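Asker: Can you join these two chains into the complex? Each is in its own frame, and there are hints to help.
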Amino acid sequence: LAATFLAINKNPSLQSDFKRQNVDFDSKKYRVMIVDDERDITSMFKIGLEKYEFIVTPFNDSREALDNFRPGKFDLLLLDIRMPGMNGFELYQKIRDMDEKVKVCFLTAFDEYRQEFHATFPALDEVNCYLKKPITIVDLISRLIKLANS
Amino acid sequence: VTKISGHLCKTDAGEHAMLLYDDVTSFRDIYSSHCKKALQGEGNSVMILSHYEVKASVIQTLKEVELDVENRENDGSLIMIDASEILSKSENIVDFLRYLMTAEMAVKKRGKMRLDIIVDMGCFYHLSRVDEIPRFEESISARTNKESTIICCYNSKDFQRMDEGPREKIRSHHMKSFAIVQDG
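Line by line, the protein sequences are chains A and B.
Using the numbering used here, the letters of the first sequence map in sequence onto residues 224 to 373.
Using the numbering used here, the letters of the second sequence map in sequence onto residues -1 to 182.
The shape of chain B in the complex, shown without the other chains (with noise of 0.2 Å):
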């Protein structure tokens, strides 16, 4: 986990990662760690869509690490949203992608120079719509304003649920690809 978050942390801005995770707890670990290294620089923000966990359980693992997040999130710093509510109201994903673009205008217009988005894809699966998946991934790696860096996080038993043909498309539109190994 902490090698991870080491390298997550030296991504460049506008890099579009992977990561896979075995279960909530060492994601918890990875985003709270990362999030907190990512904003201890000046003018960094990030943004988490998570699905597997509520807001509340979010911001609670984030104070575990000590990190300020009423006033992270009123200085418009830490946004934290439901990742199944945006794609709910997605019609496309380009409507999804157009949500990300839009967060990253209002973070530029508060004077923040970079966005993190870490999204948990589990939402892709639950609302049965893992077809978009490789559509969405090959729109982030083609997108020409790279101002953000993009997390894609999957569950591998979500990512296990595809056919190996679409698991080795989304892998190949990701710069980095990360997995945490379980010890044992």
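Bound conformation, chain A alone (with noise of 0.2 Å):
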């Protein structure tokens, strides 16, 4: 993440907040898929991280994600979890028939009920990464890069 660096080094609060965090960075360009209902969150989210050079494909519709997914196009998923049509987990559990591979974050409002969702999605301890909003970019860009080098 050359241009990552680039845009951290000419901000060091910026630089400082990563650091506190124990975030590195790599020279990879990550290629992120947000599905939200929202359609100013996936906005919001597409602005802030290209800004870092993330390379984002934003969808306000999850069957529509799920059509134009394809294995090996993305390194970083970030769903959310309350959505009409198709909900984040069973839209996670489609995506995993397809590609083991890629990382996943979960984004949600909410207070999320573990137990009462293990019964629905019994896969939920597969995924160890979740975002609460708001968040901050800077947040959000942290755990994104430890989720990618994980």
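Please keep in mind that the hints were generated in silico from the structure rather than gathered at the bench.
Predicted, not measured: the structure shown is a model, and the values here were computed from it.
Think of the CB as a built atom: it goes at the ideal place given N, C-alpha and C, for glycine as much as any other residue.
Each hint should be verified, as a subset may be incorrect.
Said to hold, decoys possible - Computed list of lysine-lysine pairs in DSSO-like fashion (alpha-carbon distance at most 30 Å, straight line): (1) K61/B to K355/A; (2) K324/A to K356/A; (3) K155/B to K356/A; (4) K269/A to K155/B.
What the hints assert, rightly or not - Here are some of the chain A residues that sit facing chain B, going by a computed Cβ distance under 8 Å: (5) E261; (6) R305; (7) P307; (8) G308; (9) D322; (10) F329; (11) A332; (12) H341; (13) T343.
Answerer: This is the structure in structure tokens:
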């Protein structure tokens, strides 16, 4: 992430934010698919992440996201949990069936009920990246890079 | 949106209505407008069981139509809660209905005459309890104590996931149905 380095180096406060969170950058441009039914959320994340050289493909409909997903097309997936038509858990399951390697992070504004969700989504523990909205771009990038390097 | 909101306000106490919406923005317009109008009436109260948005977002939406949310919450005329939280704690539909009835009684105790309950049915899809919807709708229609108005709100993407049979059954349990259709 050379360009990310540049962007961060230009902004000392941002650099210290990332340093504090022990985030190491490499020179890769990450391809991120963001799925959230709220257009404002995907737009905001797209603008924020593109500023740091991420390649972002947003979707506001989980079915459309699934139709456009191909194994190897994305490095990271950022999936909202509560979406109409097909929720984030269902989308995750369908994507996992196609691609075992892609790294996934769930995004939610809610305090989800892990116990209850285990019954309907047994694979809940496979994913250990949960981000709570609202989130700052600094925190989002830190978590995404940690996830990518995990 | 204005038309539907007007119709919803004219619903009588005890009615069971259905609202089909395409996106969260139009849903926000409807419930905020309905809430504002309903709360203008003396002794009225509203309970919103949201699913696709957190309470903070519902509060923000209601503030945008200049509703005094804090005071309304304090005097008990406005209740906002996450529908999934209630459903996940309900072993069955009876438990869920019991919760709604308890809210109705609590509102009555505070001297309110009418309660409008707006439920986002997305919680049933999210918790894989879609099969329970027809029974839930049937139980609401069959209830004898009809003091509160219940508006069941479906996102069209969720509703389309059901077969035509259950969809028809659900429609038939409502006295009134409304759909927000996008222009163009």
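Asker: So, for every hint listed, does it hold in this structure?
Answerer: We went through each hint and held it up to the structure:
no.: 1; hint: K61/B to K355/A; verdict: holds (23 Å)
no.: 2; hint: K324/A to K356/A; verdict: holds (25 Å)
no.: 3; hint: K155/B to K356/A; verdict: holds (23 Å)
no.: 4; hint: K269/A to K155/B; verdict: holds (24 Å)
no.: 5; hint: E261; verdict: holds (7 Å)
no.: 6; hint: R305; verdict: holds (6 Å)
no.: 7; hint: P307; verdict: holds (4 Å)
no.: 8; hint: G308; verdict: holds (3 Å)
no.: 9; hint: D322; verdict: violated (24 Å)
no.: 10; hint: F329; verdict: violated (13 Å)
no.: 11; hint: A332; verdict: holds (5 Å)
no.: 12; hint: H341; verdict: violated (11 Å)
no.: 13; hint: T343; verdict: holds (4 Å)
Of the hints listed earlier, those the structure fails to meet are numbers 9, 10, 12, in rising order.
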